[in-house]
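Engineer: Line order of the protein sequences matches chains A and B.
Numbering (numbering that gives the first Met the number 0) for the first sequence: 0 to 438.
Numbering (numbering that gives the first Met the number 0) for the second sequence: 0 to 438.
These are computed hints drawn from the structure, not numbers from a lab.
On a predicted model such as this, the values are computed, not experimentally measured, just so you know.
Any given hint could be a false lead.
[As the list claims (entries may be wrong)] Cross-link-like lysine-lysine pairs, in silico, PhoX-like; alpha carbons within 20 Å at most:
1. A:Lys-218 / A:Lys-232
2. A:Lys-390 / B:Lys-134
3. B:Lys-269 / B:Lys-162
4. B:Lys-319 / A:Lys-2
5. B:Lys-1 / A:Lys-93
6. A:Lys-341 / A:Lys-398
7. B:Lys-436 / B:Lys-398
8. A:Lys-1 / B:Lys-390
[Unchecked claim] Sample of chain A residues lacking proximity to chain B, with all beta carbon distances greater than 10 Å (derived):
9. Glu-97
10. Gln-117
11. Glu-144
12. Lys-162
13. Gly-295
[Said to hold, decoys possible] Derived CB-CB ranges, DEER-like:
14. A:Asn-310 / B:Asn-96: 52 to 62 Å
15. A:Val-198 / B:Leu-8: 53 to 63 Å
16. B:Asp-358 / A:Lys-319: 46 to 56 Å
From the three backbone atoms N, C-alpha and C, an ideal C-beta is built for every residue, glycine too.
There are 2 protein chains.
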Amino acid sequence: MKKIEPRTLAGFMELMPEDQIQFNNIKNTIIENYEKFGFLPIDTPVIEDGQVLLAKAGGETEKQIYRAYHSDPTAENLVLRFDLTVPLAKYVAKHYNELSFPFRRYQIGKVYRGERPQKGRFREFYQCDIDIIGKGQLSIINDAEVPSIIYSIFRGLGFESFKIEINNRKFLTGFLLSIGIPIGKHTDILRILDKSKKVSEGETKSSLLCYADEIQVNKLLNLLAIKGSVDQKISWIQEFETTNNEFLTQGINELTDLVKYIRLFGVEDKYFDLDFSIVRGLDYYTGTVYETFIEGYEEIGSVCSGGRYENLAGYYTDEKLPGVGISIGLTRLFDKLKDVIKLKKKCVSDVIIVPMSSDFSYAVSVASMLRNAGVKTEVCCESVSFKSKLKYANRMGVKYIIIVGEDEEKTQKIVLKNMVTAEQQTLNTDDAIKFIKEF
Amino acid sequence: MKKIEPRTLAGFMELMPEDQIQFNNIKNTIIENYEKFGFLPIDTPVIEDGQVLLAKAGGETEKQIYRAYHSDPTAENLVLRFDLTVPLAKYVAKHYNELSFPFRRYQIGKVYRGERPQKGRFREFYQCDIDIIGKGQLSIINDAEVPSIIYSIFRGLGFESFKIEINNRKFLTGFLLSIGIPIGKHTDILRILDKSKKVSEGETKSSLLCYADEIQVNKLLNLLAIKGSVDQKISWIQEFETTNNEFLTQGINELTDLVKYIRLFGVEDKYFDLDFSIVRGLDYYTGTVYETFIEGYEEIGSVCSGGRYENLAGYYTDEKLPGVGISIGLTRLFDKLKDVIKLKKKCVSDVIIVPMSSDFSYAVSVASMLRNAGVKTEVCCESVSFKSKLKYANRMGVKYIIIVGEDEEKTQKIVLKNMVTAEQQTLNTDDAIKFIKEF
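My request is simple: use the sequences and hints to build the entire structure.
Structural biologist: Set out below in structure tokens:
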């Protein structure tokens, strides 16, 4: 029979088991932290009605959509989700009367975008999102809680040096207005600010000069150039406060409260900072915005981003639903940082039982006792050589193996071998369980 | 603005958070058990190349396929996976040289089938699969380990009464040959046996008479009617042993070994039985086959099924890869049995902090301390009435709330309230943490 090549599509991550274990450990660390902060899980479908999911989409997003059909591509309007935010909007609008607000939800799932496949770009990838959705209103304290979640996760992943960079879109709008830039030019200016870290100051300046005069541009460059501690930056911006500019006043108040509460939530100063060039999604965020950078890996971009928005589900409901949320692109994070993340491997077997005799009865009973005691146990039952069994155990990376033969069966003992030190000891099963569990 | 109705497609499960928590608890119980038995996780893409995934498909399967495309439905041959077995075959063939055998893998993920939507039928549903894949050979002990995994899972889900029904396809083939039914008629006969539990004996008899004579049919009906213990059934079939029928000899030997090892793996006799009417997938399984029924819920069918197959990946590779595996249809299991499964809810917050004053600083610091100690904590930061906060805490179903006001801040204490008994006690934060963790 002619064989078909068992290939996997380009842009779709498929890991070997040892990498998958590490991937799952990272995912579980994220879940544990989301739950520690009281977020509830939801799991929306991967396929949704195109009319519902594309209510807002357009431009680039629409071009990247994966569509699905069951029998007739022209008759069915089904799309694969391209993020977890639009499904959340649908979910909250649909279940509005059954939910308790503020609604704190997390969702971790695969999303689909038809990007041009290239190294580090994925067409199927995991997003790990949290959002806190208010009913009509939502306290700024929620915005301050978000960095403490990011902090908790990246500390949990073993990172010592990273920085959560924070800005406020109301402040940005207020600042632009205060230096005399009319609202019609804000989008263009913000787009330049957003790129300013990736280009030279000269380039930023000449771009800005297309939309603002020299004095305005210098004030903007001063803003971007502020150095110092968070408190120094807060003092610096507080000097701009005017009574006539509500955006500026609100933005500064929000940033001030934010910093106060971030500290109360236990985030050390060295892990967060204000960065007035951060903008994020132009037509979505309206207040606090976040980005997160791993020290030494700034070139991979922000590993956790998000912000505050005015209204989650305007396409589906008249209810005003302000929210704040973040997303971690887990597939990309893993792809770029898997060798840096130092998490203890958790899910390979604790022990592999290697029988010496060809009767496996005793080995199987021992396996059963270990599993009943909660020890992750594998037992080699194939009729292969003892050497092959040892080789298999070695490749699986377990720390301990248990060797059993006729002598052990007679005395109802086992031989526990440390695969690292090669030390062996003869124990009864109960003591072996205790020993393995303590390790 | 005209609003779009936020609807979810028919046949796609979307749960409220409290049900999602329960769903995830079941999923995690399954994962814990798969890992306890040493299975390694893999996660293959949802979208695969149609040429690869449909190598074997045809008939009903092909009709149910969901297809996907990014820009041109006529140019792209992409399909959504309809099970986790074909992706496993692809995975093992593709990564053959990098894997260690026997390869024990688990995968839990959504699969897609365009079934006619109706109550209890899903177009997107979770499958939870394990398979043990051998390189050229695979010991029967693996077949005996599988019921111990099923046992461990359903006991873990809190079920007291269920039965793992076991048969062997070699035995069935051998039995049919031994009573003189030629191989060409086996498929038709097996199809009738497979349905025999759902129809009357009379109906089974008249169906069988289309393919066999009266004497043969009576022998078949005798086989289906055997009553008694597993050992009695084994004795009964051992009487059929002949030297001229290798299928029969092998089938009986395998069943005998299987029962011996199932017991050594710790499965009590009341949880498994032999049922000679079980057939499963006609053109796939070649040895042991399993079905699992929950007592009192037999009408929902088998909740966990699978079996032994000769060759996993014949479409992709010449390597002979025998395997044994099972699948749990989690979405359907949840849909049918969610009210019966008694698992402790694990992931809502342990405690909700309800501040009395309008300054939330102290509440936030307390939340931070609790979370650092690993307590799942939520803090009500909205400027709503104390009564609204209590109502929210009630709806979230937490056992404890912590009340903090000016007095507590001054004395650096908290008030811990048991929401069930309404008992309150004033504690310092460390003692509160200890108290909550002990509970």
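Engineer: If any of the earlier hints don't hold here, list their numbers in rising order.
Structural biologist: Hints 8, 9, 11, 15, 16 contradicted; others consistent.
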